[in-house]
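Trainee: Residue numbers (numbering that gives the first Met the number 0), protein chains in the order written: chain A, 0 to 287; chain B, 0 to 315; chain C, 0 to 418.
No lab work stands behind these hints: they were computed from the structure. Given the structure is predicted, the values throughout are model-derived calculations rather than measurements. Quick reminder that beta carbons are idealized off the backbone N, C-alpha and C, glycines included. Incorrect hints may appear among the rest.
To be verified - If we take Cβ atoms under 8 Å as the criterion, some of the chain B residues that face chain A in the derived model are: (1) D9; (2) A10; (3) L56; (4) F170; (5) L192; (6) V298; (7) R303; (8) V305; (9) I309.
Listed here are the chains, written in short residue letters.
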Amino acid sequence: MTQLILFNVFNGLIVGAFYALMALGLSLILNLSGVINFAHGGFLAIGGYIAYVLIPFIGFWGALLVAPFLTAFIGLIVERVLIRRLYGRDPLYSLLLTFGLAYIIEDGTRFIWGAQSMPYQVPDWLMQPLSVEYFFLTGYRVFMVLLVGVAVAGLFLILTRTRLGMRIRAGTLDLETVSVLGVNVRLLRNLNFGLGIYLAGLAGVLAAGMLGLQPVIGTSLIMPSFVTIIVGGLGSLPGTLLGGLLIGVASGVTTVFFPSATEAVIYVMMGLVLLVRPRGLLGEEGRF
Amino acid sequence: MVRLDKRAADAIVWLLLLTAPFWMQWIGGYTELGSRVLVMALAAMSVNFLLGFTGVLSFGHAAYFGLGAYGCAMTIKYLVPSTPLGMVIGIIVGTAGAAIIGALIVHLRGIYFAMVTIAFGQVFYFITFRWNDVTGGDDGLTDWSRMPLDFGFAKLDILHNAEAFYYVILFFFAVALALMALLLRSPFGRTLLAIRENERRARFLGIPVDRHIWLSFVISCAFASLAGTLYALLNNFVDPRALRWDLSGTFVIMAVLGGMRSFWGPLVGAVIFVVLQDYVSSETENWESFIGLFFVLIVLFFPRGVLGMIRRKAAP
Amino acid sequence: MTKEGLSGRLDRRTIIKATAAAGLVQIAAPFVITARAAETVKIGLDNPLTGTYAALGKNELNGCQLAIEQINAKGGILGRQAELLVEDSTSGDAGTTVQKARKLIDRDNVNFLIGNINSALAVAMAAVAYEKGVFLIVPGGHTDAVTGTTCHWNVFRICNPTQTEANAVAGTLIKAYGKKWYYITPDYAFGHTLEAGMIKAAATLGGERIGGDLTPLGTTDFSSYLIKAQATKPDVIIFLVQGDDQVNALKQAVQFGLDKRIHLAGAQGELEPLEGLPPEARIGTWVFEWYWNQPHVPHVAEFVAAIKKKTGRVPTARTWFGFSSTWTCALAANGAKSLDAVKMAKFLQGFKLPPEVALMPDGAFFRAGQNQLIGNLYVGHAQAKGSAPDDLFKVTDVVKGAEISGTLEDTGCKMTWPA
């Protein structure tokens, strides 16, 4: 029994890391621009499909490198053409826009690639379990956790060491002052959005290795991302990371005792957090 | 002059609604489509009560819509096969849910409030999804249907008579609308408008803002659950999809499309959206793209909705 | 603000005009539809074209379309041309499914209704069809109830009930791999009845359910369930999940190396999920309801060629479901010499499908009193690739459905006919 629980805790951390990756992109966009990106799952799917197209030419590693950038590029265009117009307005409109965008992306991917699940080629040596005992620690999943770690570290570095990052952080706190200080806020929002979508694209490339690649691959991942942000705390990136890991582990452990409550437990956690500490575990006071 | 126009407009709308089953066939419609439009319009109006008149964005109304639907269906299937009782219990369940959830989230605002309403909507979705033995899970609740209405002196078979059921729905629609209009014209309603315009000032005036928002939320969800009971009766079926967040989004877009700040707006929005969806999904497999595109276009070019635009043109 | 909005408003005006024009076309169009369609016999297809079942629905649609072409080439239905009206039921929204069914019946006056892949939606459609007395044929919704406890005189089904599928494969699994089974079951009616069927079929041969999990539809990560499964040390892990869930579960099971230690199998298998798996994950023992690679059965090769020409891919069981459903409608009307639903339904009692429609070694017939088609089932195992790139399933055993379908009493179907 303890072994079962331990396994599920490890596994939960792996799954949670993945949720965190998804949620971090969402959080970035939300914090700076106040936009709930319902289409985030769609961008994840786009990342996966772009990788699928590229793999025969530049292999898995090439696709891993290139696909998120291409996805981010699409994100930059979307921001520039569609979302930018809505910043001054009620947040309702950006919500509805991304909502509609999600439909378009899902249908678009189905139109281009069909509804059929696509076989996705990941290097063989990654697919093996690391040991017979800990069979669920496949090379791929460990690799995924490492990659999430690298991405989080990279994000951290960008946010603390570069000017762009500094401006993003400042903008999250007080966008008006940042603008008055001469920063090109339009460009800032645009790049921030692109950064968030980069993370979504990366998540997509990784997800397609684990799950079947089909147009609806992103839709099931959007809700856990929301819960991650609420639990971890709005406005806090470390909170999002923590939230992801927490709900991953909670889900995993619940599977052992109450398998039918596996997803419900993350909503219970969300309810508890809202009751006891509405700003989230690491959230900032007075954020909303 | 303006008031006469408004009364005339109201009269025309009611006339069209009353005679719908007769003229709909000529333009390629069918009675059930009209019934569905009314149910969706009622749901959209309930969202609008909160959104357009109180200024609060709730993206999770499908939860209470669904609670109403399940309450009604489960009553008819398991308790007493009576349509009125089913409706009453459905409304009670939905309103109770809203009262509890509302109390939890009433101090949140803006985007965060919206996110939380979505997330709670999902909680109910999950409960109905997983509580298989009772709710039928993903398969939904079948094997029940709307019971004839027994008025004592006459029996109305609303199961086989689609037109009769349309008028029953229209009746409840009218009652709900009358109630809503009454509330909005009352001092309570005026307070809600004040909160929409400037919440801080309302608070300074001593208005208990949180309590008003909670009440508005509960009332809005009560109407949504009424719409839900009618939806369940219309389909003789209810399933977890009735609670999902994409249905919530549909309600909001209908309210926006028609014109958020006007009373009839959501009805106009519902007519356009339901008919459009019905038509486009018959024509092409890629109807989802069209619907998505529609959302995008509305938001970018018609944020005030159809009635909002007409009003703008009328008042220079 | 008004100055800046001027160019915006010009854009808006053009869009308003364009939308109004489009809207007018939409309202005018139904007139066109009603005028043209007076002469044809209409068959209404209310099936998923979007969502999780979109791939399966597309294949069923292809089958239906080929059947319509063939029917019309052979003189149509009662001398009139047959027309297929297609509506998207979505993969799970019952409200839409029921609405479309009503639309097809009330507005479009279809003589036949076909649908639905989703068992629950099939049941919902059956209720509407029964209410309105319209002939309904279910190509691919498997839950037992459709031709079991909630059977109706006007509802026919092509695909097998879940109990039959279980009966087909249970024996092979027990004999070859062992008696201790762990179940991974999707949490909805189809999953429940399939699991119940497997447990029953296995029990008669000494099989034992040592554990299992109900997984929600759309589960992406099966790792915790697989961890639990492995801990019980079963002989076989039975995957009853379908579609994308099946793809995810198998992919992860192979990644964990479980296929090397435990045998992986299931009841219902289909070609579509196998196509979505990377080659190393195309494993396991399954039962298919129809397969394209049947070299010794007449007419199959022509069917495969026709579908390949039309769609660029081989037919799957789903394609055949759609094909045979549509053909059944034509055969019923032409056989009963009438479009009256009762007469057609009575004609089909015990009716045996002609070989160019049945496409199975032992043929197929509708069991009287149940309206269920009984044919062959194909037990075998998945393979990374066989004689052709599409040949992903190796049939080891062709089972006669008639031998494993039980008696009419077993199904619980009690049919009442209108007076």
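Trainee: Could you run down the list of hints and mark each one as holding or not?
Mentor: Structure-based check of all given hints:
no.: 1; hint: D9; result: violated, 27 Å
no.: 2; hint: A10; result: violated, 32 Å
no.: 3; hint: L56; result: holds, 5 Å
no.: 4; hint: F170; result: violated, 32 Å
no.: 5; hint: L192; result: violated, 16 Å
no.: 6; hint: V298; result: holds, 5 Å
no.: 7; hint: R303; result: violated, 11 Å
no.: 8; hint: V305; result: violated, 15 Å
no.: 9; hint: I309; result: violated, 20 Å
Hint violations for this structure: numbers 1, 2, 4, 5, 7, 8, 9, all remaining hints satisfied.
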